[in-house]
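Number of protein chains: 2
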Amino acid sequence: MPIVVQKYGGSSLADAESIKRVARRIADTKKTGNDVVVAVSAMGDTTDELLDLAQEVSPVPPPRELDMLMTAGERISMALVAMAISDLGYSARSFTGSQAGVITDGVHGKAKIIDVTPGRITEALGKGHIVIVAGFQGVSQGTKEITTLGRGGTDTTAVALAAALRADVCEIYTDVDGVFTADPRIVPSARKIERITNEEMLELAASGSKVLHLRSVEYARRFDIPIHVRSSFSQKTGTIVTDQPGPEGDAVEAPIIAGVAHDRSEAKVTVVGVPDRTGMAAQIFEAVTLAQINIDMIVQNVSATDTGLTDISFTLPKADGPAAVESLQRIQDEVGFTAIQYDDQIGKLSLVGAGMRSNPGVSATFFKALANAGVNIEMISTSEIRISVITRDDLLDDAVRAVHTAFGLDSSEGEAVVYGGTGR
Amino acid sequence: MPIVVQKYGGSSLADAESIKRVARRIADTKKTGNDVVVAVSAMGDTTDELLDLAQEVSPVPPPRELDMLMTAGERISMALVAMAISDLGYSARSFTGSQAGVITDGVHGKAKIIDVTPGRITEALGKGHIVIVAGFQGVSQGTKEITTLGRGGTDTTAVALAAALRADVCEIYTDVDGVFTADPRIVPSARKIERITNEEMLELAASGSKVLHLRSVEYARRFDIPIHVRSSFSQKTGTIVTDQPGPEGDAVEAPIIAGVAHDRSEAKVTVVGVPDRTGMAAQIFEAVTLAQINIDMIVQNVSATDTGLTDISFTLPKADGPAAVESLQRIQDEVGFTAIQYDDQIGKLSLVGAGMRSNPGVSATFFKALANAGVNIEMISTSEIRISVITRDDLLDDAVRAVHTAFGLDSSEGEAVVYGGTGR
Chain A
1 MPIVVQKYGG SSLADAESIK RVARRIADTK KTGNDVVVAV SAMGDTTDEL
51 LDLAQEVSPV PPPRELDMLM TAGERISMAL VAMAISDLGY SARSFTGSQA
101 GVITDGVHGK AKIIDVTPGR ITEALGKGHI VIVAGFQGVS QGTKEITTLG
151 RGGTDTTAVA LAAALRADVC EIYTDVDGVF TADPRIVPSA RKIERITNEE
201 MLELAASGSK VLHLRSVEYA RRFDIPIHVR SSFSQKTGTI VTDQPGPEGD
251 AVEAPIIAGV AHDRSEAKVT VVGVPDRTGM AAQIFEAVTL AQINIDMIVQ
301 NVSATDTGLT DISFTLPKAD GPAAVESLQR IQDEVGFTAI QYDDQIGKLS
351 LVGAGMRSNP GVSATFFKAL ANAGVNIEMI STSEIRISVI TRDDLLDDAV
401 RAVHTAFGLD SSEGEAVVYG GTGR
Chain B
1 MPIVVQKYGG SSLADAESIK RVARRIADTK KTGNDVVVAV SAMGDTTDEL
51 LDLAQEVSPV PPPRELDMLM TAGERISMAL VAMAISDLGY SARSFTGSQA
101 GVITDGVHGK AKIIDVTPGR ITEALGKGHI VIVAGFQGVS QGTKEITTLG
151 RGGTDTTAVA LAAALRADVC EIYTDVDGVF TADPRIVPSA RKIERITNEE
201 MLELAASGSK VLHLRSVEYA RRFDIPIHVR SSFSQKTGTI VTDQPGPEGD
251 AVEAPIIAGV AHDRSEAKVT VVGVPDRTGM AAQIFEAVTL AQINIDMIVQ
301 NVSATDTGLT DISFTLPKAD GPAAVESLQR IQDEVGFTAI QYDDQIGKLS
351 LVGAGMRSNP GVSATFFKAL ANAGVNIEMI STSEIRISVI TRDDLLDDAV
401 RAVHTAFGLD SSEGEAVVYG GTGR
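Chains A and B supply the protein sequences, listed in that same order. For the first sequence, the tail end lands on 424 under our numbering, and the numbers increase by one without skipping. For the second sequence, the tail end lands on 424 under our numbering, and the numbers increase by one without skipping.
It is worth saying that the hints were derived from the structure and are not from the lab. Just to be clear, a hint being listed does not mean it is correct.
For chains that are exact copies, the list does not tell them apart, and a pair is met inside one copy or across any two.
Calculated lysine-lysine pairs in the DSSO-like style (CA-CA distance at most 30 Å, straight line) [what the hints assert, rightly or not]: (1) 127 x 110; (2) 144 x 20; (3) 192 x 144; (4) 20 x 31; (5) 144 x 31; (6) 192 x 368; (7) 144 x 30; (8) 368 x 112; (9) 368 x 31; (10) 144 x 112; (11) 30 x 368; (12) 192 x 127; (13) 31 x 127; (14) 31 x 318; (15) 144 x 110; (16) 30 x 318; (17) 110 x 31.
Let the sequences and hints guide you as you build the complete structure.
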């Protein structure tokens, strides 16, 4: 029997009515002849409410206990979903992450899945049950502590289960119809993407698209699991994320550009007046890295020949800003730079498409679109299938719309090109 | 180092402020040189809220999934208590029932503890941590399913942990000052009992006193664990439940009567016109027992010689009333009785005291008090240390007050007699 893994997020499980609707969908999937395994998030705002409670009793709660607390949210929703399914006449069994065999490392709050040993799941499927698994959580190898995978982790739970069970597809249910060419709240003419490669989805997720958890895409890519991102509020087909050939084979031409992503979660740090000597940049980034901060883009200005000084700018998550500035202040005298500037009024725009590899004109069109829209570019970084720029925060929406239009992605500008190629 | 086990109920953990107060009390116990293990219930009304949610998605939720759901409540409170303790500068580790080694049978909703394997608890104590355990829950032997112990089960968790850890005392914190000679809401002059034997406490708990879960007293008696019932809202000494000699040794005389309990949770079923032949009663009670109903008191009237018919009355939990009536109706033709009467307007009053064994005057005083108060007695049952009667529901409060006064239990009628004997 084919195995379908489904994931339902908190917005699809907001209240008893939503849970019943989700249960009907799960039962329908079972009825059409599939074994069904479901990963669920906590209901609606449960996670935020639990975080608030934690804050009330302790400003800096120990990570181990915070994980204990947070995992209760999924335990509640999984049991309720199982009850709602059984009320429809199907048998369902819920399992905690630990019971489901989701083995992680021991990093509380952002644990990584090391292995999945789904013995209890396959046993339950063999008995004809529908299986509901608490998402977002696991148990640490060896120490057997309860861990969580970080925000959005239930996507990863679902894909990891799909990989371990050799499922035919992993369906990620959310409150939008799929992955769009841009955020529809900013670009009303954005189009739903029919098919997208793992590589492109990875770049979109890393560039600010919030539809899929980055780690879940990495996991799906590694284990070659097709993901179907779709709405739990409709029956429409959503977006297929896969490197496998589509139903049309290789014949249909793929679009050059998959979509435009934007990100307002980063800030920019500029270290001013760094002596232009070997090892200075290394010293700066070592200090920041030691503070466990993930740096995104980096730009080092060409040294002005008359001063022997240079400026180094980098972007990082806003939440890590204070820690980064503090760690830099500690090495200021040693390195001998002039000043640290911190700027959180920036936005990042990224254009993603596997087709840009073989289309050298992409960057020219991209920069012309931004120039015509009056958007000044502060930093640039590129990968083989992505161009990202940093702009002023208040120009970001205009920039996204200008680029979206320039690449013919607006839904009014022609029909959606169905991607069906494997050659990308 | 002495080990103290504490239990905090939902009313002591109603909100963040209550949790912080409980955390301070736990930290103080640690500070005075004890290893501390704490069993916690779900916060305030959490259990009822989760039950409501379950009802919304399924009128008859599967017991396994209901247990999965309910256990989330204790997981939330245990993590919050651990956080609040760590905020005071002490290290705390929380464990689910399963992690704490609470092994039960597989009866969802009212599982019995079979064994406690507290390896992780002793390891954590050895490292100097305060241990917080989710009450009310365990994991079934063999099948490893999450189970719950039924309402009030956290008392039993605490006593079972105390037994497994050979703790010096098990402190049950609640919202009253201890066990009283009667319910203070009905008898304002009721006195707090200083010391009470396990046997008396068992009879009180079985007769409607709600301060301690019946099963926890059975457990404490079997493993000889002293229980200290006290308020989490004050520093007062509460009630010590133990068969061990008190600080005064055997010299002080124990009171004859421990207290008066009442119970409004039962109903009375009368089977009218039963043919007075051998085996008729057996057939009736077999039918009721097969419906998994616990019968409390039974009275069979003497057969009227002219008719050859008799009446049989018994009491049972009100919740089981419909099932009992239904099971009797099924055997009515076969047994040939005339009618079934169902009466839920009854109350039960119980007088409990180990001293009545050697004081034959107790029952005379008891019945005289009831007669003087104008209370008609419908059924009577006795044990060696208890007399129980069934009265009309609306006379129950008067009856309790009359009996309480007749045995000199009112606090104004002389000082409390401290129990210190072992001979009882």
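Do the hints match the structure? See the list:
1. 127 x 110: The answer is between: 25 Å across copies meets 30 Å, while 34 Å in one copy does not.
2. 144 x 20: Close across copies (28 Å), not inside one copy (33 Å); limit 30 Å.
3. 192 x 144: Neither, since 42 Å and 45 Å both go past 30 Å.
4. 20 x 31: within (16 Å within a copy, 50 Å between copies)
5. 144 x 31: between (37 Å within a copy, 29 Å between copies)
6. 192 x 368: within (25 Å within a copy, 85 Å between copies)
7. 144 x 30: For residue 144 and residue 30, only the inter-copy Cα distance (26 Å) is at most 30 Å; the intra-copy one is 33 Å.
8. 368 x 112: neither (41 Å within a copy, 74 Å between copies)
9. 368 x 31: Intra 53 Å, inter 70 Å, cutoff 30 Å: neither.
10. 144 x 112: both (14 Å within a copy, 25 Å between copies)
11. 30 x 368: Neither: 51 Å inside a chain and 69 Å across chains, both beyond 30 Å.
12. 192 x 127: So residue 192 and residue 127 fail the 30 Å test inside a copy (38 Å) and across (55 Å) alike.
13. 31 x 127: Result: close within a single copy only, 15 Å intra versus 52 Å inter.
14. 31 x 318: neither (47 Å within a copy, 41 Å between copies)
15. 144 x 110: both (16 Å within a copy, 27 Å between copies)
16. 30 x 318: For residue 30 and residue 318, the Cα distance exceeds 30 Å both inside one copy (44 Å) and across copies (40 Å).
17. 110 x 31: neither (36 Å within a copy, 34 Å between copies)
Checked against the numbered hints given earlier, the structure breaks hints 3, 8, 9, 11, 12, 14, 16, 17 and satisfies all the rest.
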